[in-house]
Amino acid sequence: MLIDSMFTGQTFALIGAALAVILAGMGSAKGVSMVGEAATGLLTEDPSKSGKALILQALPGTQGIYGLITAFLIIFKIGLLGTPVELTVPQGMYFLMAALPIAVVGYFSAIKQAKVAASGIHLIAKRPDEVGKAITGAALVETYAIFAVLISMLLILFAKV
Amino acid sequence: MSVKAMERLTVIAPLCDADAIMTRLMRLRTVSLQQNPANENAVSEIEKLPSFSPHTDVSTMRAKVACIEAILPVLSKHSKRRRGLLSRQVPISPDAYRTDGRYDTACKVVDEATKMMEKQAELRAAREAALARMHAYAPYLNLSFPADFAGTESTRYTVGSLPGGIKTERAEAALEGLAALLTPLSADGTGQYLSLITHKADHEAAMHVLSGLGFLPAPLPREHLSVRDLYGRVQKELRHIDEQLERLENALTVLAEKLGEVEILYDIERTALLNEENKQQLRMTEQCVVLCGWCPVSEKERVTAALADFTAAYEFSPPQEGDDVPVLLKNHGFAKSFEWVLGMYAYPRYGTFDPTLVMSIFYFLIFGLMFADAGYGFVMSLLCFVAVHWLKPRESMKRFLLMFGYCGISCMLFGVLFGSYFGNFPLAFLQNVLGRPETELPNLALLPTTAANVAVLFDPIDNPMAFLLISLGVGALHLLAGMAVKAFILCRQGKVLDALFDVVSYWILFAGLGALAFSLRWAILLLSIGVLAIVLTQGRRKKGIAGKIVGGLLGLYDLVSYASDLLSYSRVLALGLAAGVIAQVVNILATLKGGTFLGFILMIVVFVIGHLLNLVINVLGTFVHTSRLQYIEFFNKFYEEGGTPFRPMAPSDRYTVDVSQKADTSPTQGTTQSPTD
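Protein chains in written order, with the numbering used here: chain P, 10 to 170; chain X, 160 to 836.
The following block holds chain P by itself, in its conformation from the complex (with noise of 0.2 Å):
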């Protein structure tokens, strides 16, 4: 009795929307924080590209807003902030399912995202007029975040519950 209301479909909805957080978030987190050090090392150096700098150390922050942004969209679709909408187990684990791109894919992307970056950090300390190639360069992994949140998003918009 106690396992079957523990496992209901929303706490597995719930689960879907902690990981999409939690992963995409911690990717983020270390992600920022490379792309940072890279950053404050240039900056010692020459304070004056700081916005460059910005620029690339907010880049691997976007993965976890994407993580937020699914989120949230469970939480409405599951009427977490109105009326609850009761869940079977299966149509739960239909939105775990659907938050699992943005988990996973953000978590790894925004790690790899801020190799490049840091990378960048180091381009743009040598030749400050390459900040477009830094940028692109960085953006070009970001790609598969936002096709990983494209499809958590659209799956959970076509929920049906």
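Simulated from the structure, these hints should not be mistaken for lab results.
A portion of the hints provided could be inaccurate.
In the EDC-like style, the derived pairs of lysine to aspartate or glutamate whose C-alpha atoms are separated by at most 20 Å in a straight line are [claimed, not checked]:
id, chain 1, residue 1, chain 2, residue 2
1, P, K58, X, E228
2, X, K274, X, E416
3, X, K359, X, D388
4, X, K274, X, D263
5, P, K124, P, E139
6, X, K236, X, E416
7, X, K236, X, D263
8, X, K278, X, E408
9, X, K645, X, D717
10, X, K701, X, D661
11, X, K223, X, E277
12, X, K163, X, E792
13, X, K417, X, D621
14, P, K142, X, E792
15, X, K163, X, E480
16, P, K86, X, D812
17, X, K701, X, D717
18, P, K142, X, D724
19, P, K124, P, E46
20, X, K557, P, D138
21, X, K236, P, D55
22, X, K702, X, D657
23, X, K359, X, E312
24, X, K163, X, D483
25, P, K142, X, E799
26, P, K142, X, E800
27, P, K169, X, D388
28, P, K121, P, E46
29, X, K267, X, E287
30, X, K417, X, E597
31, P, K58, X, D812
32, X, K489, X, E166
33, X, K207, X, D482
34, X, K495, P, D55
35, X, K278, X, E402
36, P, K86, X, E597
Could you slot chain X onto chain P? The hints should help.
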């Protein structure tokens, strides 16, 4: 559509006129000096001449500029005036400035400030030293003997410290058998402080034992004063230093009122330095200097007029094959504001197609579609246009702001189409604050709909698939435009057949794919023609029959890259939804407390902070990804990059703008640098 035509400028002038001519050309801001050999295949006779060495002390000038550069941040820290990226430039006429005494005043300020900064550094070092001494004396404050006390006739007296890990008992045990007495004085985290009395005869042995344990004699001066008095003396010293430092700070604050003068001086001195550095790029003969540079054809008249005032021979000649001609983009108004986006990527090669205009149109469209919100767009445009109008920022900053201002307009247009005003704020306000049902929301929809929102077309969150189709549709147009540009370039080069094979054959194929939706017969016909054309022509540059066949089939494989390019535009939907969902969350939080007075206050606070945050995040994301769609998906269809931006000789303009020669100053505006510089 193409970059500005350039001509090579060669000027030969007497040595004595070099400075005057260079100053004049610098103020024109339309002549760039040639760097390196322009043409690696053919080094001209001029380039073999020795470099001009004008006997001026460039290193002193450089030192002076560096000195002012070091002072400026200190003064602006002490100044009440705040200066940001948007500050105006002060109009200044350099020749008058040098003669009317302001130059000398500013130089005096710089000298004074330099002296103060040196004094400040000295005092700070002295302060550190005093603090270190105080720190060293502190453990021995309770010592009853004067600092220089060394013992009586038959004893030796030493004070010092043992590292924290060594217990006094252990030291006492080690001293067993020697006539020595250890007395603990004090202890702190780093160690314990002791006094040691030994018999004269045992002193050496005791010290040896203690050194082995890490005993260090106290760093006390050999003075006949108690440690307490010594400590007091240093304290007094420190107070004195602090007073002096405070007086210096005050003096710097007074001096900082002259910050504006120093800023002007900076530009004056830096302009002089730039001029010297430019002169070093000239070549010389026994009597003459020779200038080699580039000048836009459209500016020829102004340069001719300026040079007519001097005894100088000059010649304009069109660029030769293989010359590294600098590139100046030729755009006006709307498109000009997007040049810096192109500059962030790479400049087109000289004589090739300048895609700024086409890019700016798609940039405008895609930016608005990706961040479709009338509220955010309005705030963005308002901030940018107000800043441009009231603050009169420098050219590069102005272009940067204008571009975002235009993009804000696009966001507004799409925001109205897709019913987004700070997300779903109208709905949230109606339901949660006014307490009315959602059915009272005005229905602006063109098409019949049941959903409650104010969209003219539809709400992307209700109907993401339709929005995805629109995104991909705009993407397809963008890609087709890229291919059309390629076809245009090929035709302009007279390679009409290449355009037919490389672009039109794919278009037939695309048309066939599109026709699948309408008529199978037409689709099969078009697809067969397309596939046949591609397979037959794409291998035409390969050698041998096998190579041609493989090349043709590989050409068909390009379809995969077109498909992946197209799918890349799905990010428009993802980023659009992201902005919309965060805005919804902000609206829920903002209207949480309903229509009460407290709720109203809460609403305003949450609304402003939340939406500002969302605006910043999304402007950054949208900017980065719209740019990426241009750089990767659009440019790789046709772009010939690798041009050197045209950077004309120009006076330093960090703080001032040179107005000495009104007639001359309709500057060409060379490369607008990235405003984040």
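Consistency of the hints with the structure:
Our distance criterion of 20 Å between C-alpha atoms is met by K58 of chain P and E228 of chain X, whose separation comes to about 16 Å. With a CA separation close to 17 Å, the supplied pair K274 of chain X and E416 of chain X stays within the 20 Å bound. Of the supplied pair hints, the one linking K359 of chain X and D388 of chain X is violated, its CA atoms being roughly 28 Å apart against a limit of 20 Å. Simply put, K274 of chain X and D263 of chain X have alpha-carbon atoms about 17 Å apart, close enough for the 20 Å limit, and the pair holds.
In summary, the hint linking K124 of chain P to E139 of chain P is supported, as the alpha carbons are separated by about 17 Å, within the 20 Å threshold. At roughly 11 Å between alpha-carbon atoms, K236 of chain X and E416 of chain X fall within 20 Å of each other, so this suggested pair holds. The suggested pairing of K236 of chain X with D263 of chain X is violated, with an alpha-carbon distance near 23 Å, which exceeds 20 Å. For the hint pairing K278 of chain X with E408 of chain X, the CA-to-CA distance comes to about 11 Å; that is within 20 Å, so the pair holds.
The straight-line distance between the Cα atoms of K645 of chain X and D717 of chain X is roughly 16 Å, inside the 20 Å bound, and the hint therefore holds. Using a Cα cut-off of 20 Å, the hinted pair K701 of chain X and D661 of chain X holds, with the two alpha carbons roughly 15 Å apart. Distance hint between K223 of chain X and E277 of chain X is fulfilled; the C-alpha atoms sit about 15 Å from each other, no more than 20 Å. A distance of roughly 26 Å separates the Cα atoms of K163 of chain X and E792 of chain X; the hinted pair therefore is violated under the 20 Å criterion.
A C-alpha spacing of about 60 Å is found between K417 of chain X and D621 of chain X, which places the hinted pair above 20 Å, so the restraint is violated. Between K142 of chain P and E792 of chain X the CA atoms are separated by roughly 14 Å; this keeps the pair inside 20 Å, and the hint holds. About 17 Å separates the Cα atoms of K163 of chain X and E480 of chain X, which keeps this hinted pair within 20 Å; it holds. About 56 Å separates the Cα atoms of K86 of chain P and D812 of chain X, which puts this hinted pair outside 20 Å; it is violated.
A hinted pair counts as satisfied when its Cα atoms are at most 20 Å apart, and K701 of chain X with D717 of chain X qualifies at roughly 16 Å. Under the criterion of a C-alpha separation no larger than 20 Å, the hint pairing K142 of chain P with D724 of chain X is consistent with the structure, at around 19 Å. Restraint check: the Cα-Cα separation between K124 of chain P and E46 of chain P comes to about 11 Å, which is no more than 20 Å; the hinted pair holds. Pair hint K557 of chain X plus D138 of chain P holds up; C-alpha atoms about 18 Å apart against a cutoff of 20 Å.
Proposed proximity of K236 of chain X and D55 of chain P is supported: the alpha carbons are some 17 Å apart, at most 20 Å. The straight-line distance between the Cα atoms of K702 of chain X and D657 of chain X is roughly 17 Å, inside the 20 Å bound, and the hint therefore holds. Taken as a hint, the K359 of chain X and E312 of chain X pair is honoured in the structure, with Cα atoms around 8 Å apart against an allowance of 20 Å. For the hint pairing K163 of chain X with D483 of chain X, the CA-to-CA distance comes to about 14 Å; that is within 20 Å, so the pair holds.
For the proposed pair K142 of chain P and E799 of chain X, the alpha carbon gap of about 16 Å is at most 20 Å, so the pair holds. For the hint linking K142 of chain P to E800 of chain X, the alpha-carbon distance of about 13 Å falls within 20 Å, and the restraint holds. With a CA separation close to 85 Å, the supplied pair K169 of chain P and D388 of chain X exceeds the 20 Å bound. Note on K121 of chain P and E46 of chain P: the hinted pairing holds, with a Cα-Cα distance of about 15 Å set against a maximum of 20 Å.
As the CA atoms of K267 of chain X and E287 of chain X are separated by approximately 30 Å, the hinted pair breaks the 20 Å bound. With a CA separation close to 61 Å, the supplied pair K417 of chain X and E597 of chain X exceeds the 20 Å bound. At most 20 Å may separate the alpha-carbon atoms for a hinted pair to count; K58 of chain P and D812 of chain X meet this at roughly 19 Å. In summary, the hint linking K489 of chain X to E166 of chain X is supported, as the alpha carbons are separated by about 15 Å, within the 20 Å threshold.
Taking the CA atoms of K207 of chain X and D482 of chain X, the gap is about 17 Å. The hint holds against a cut of 20 Å. Between K495 of chain X and D55 of chain P the CA atoms are separated by roughly 30 Å; this puts the pair beyond 20 Å, and the hint is violated. A hinted pair counts as satisfied when its Cα atoms are at most 20 Å apart, and K278 of chain X with E402 of chain X qualifies at roughly 13 Å. Between the alpha carbons of K86 of chain P and E597 of chain X the distance comes to roughly 18 Å, so the proposed pair stays at or under 20 Å and holds.
Checked against the numbered hints listed earlier, the structure breaks hints 3, 7, 12, 13, 16, 27, 29, 30, 34; every other hint is satisfied.
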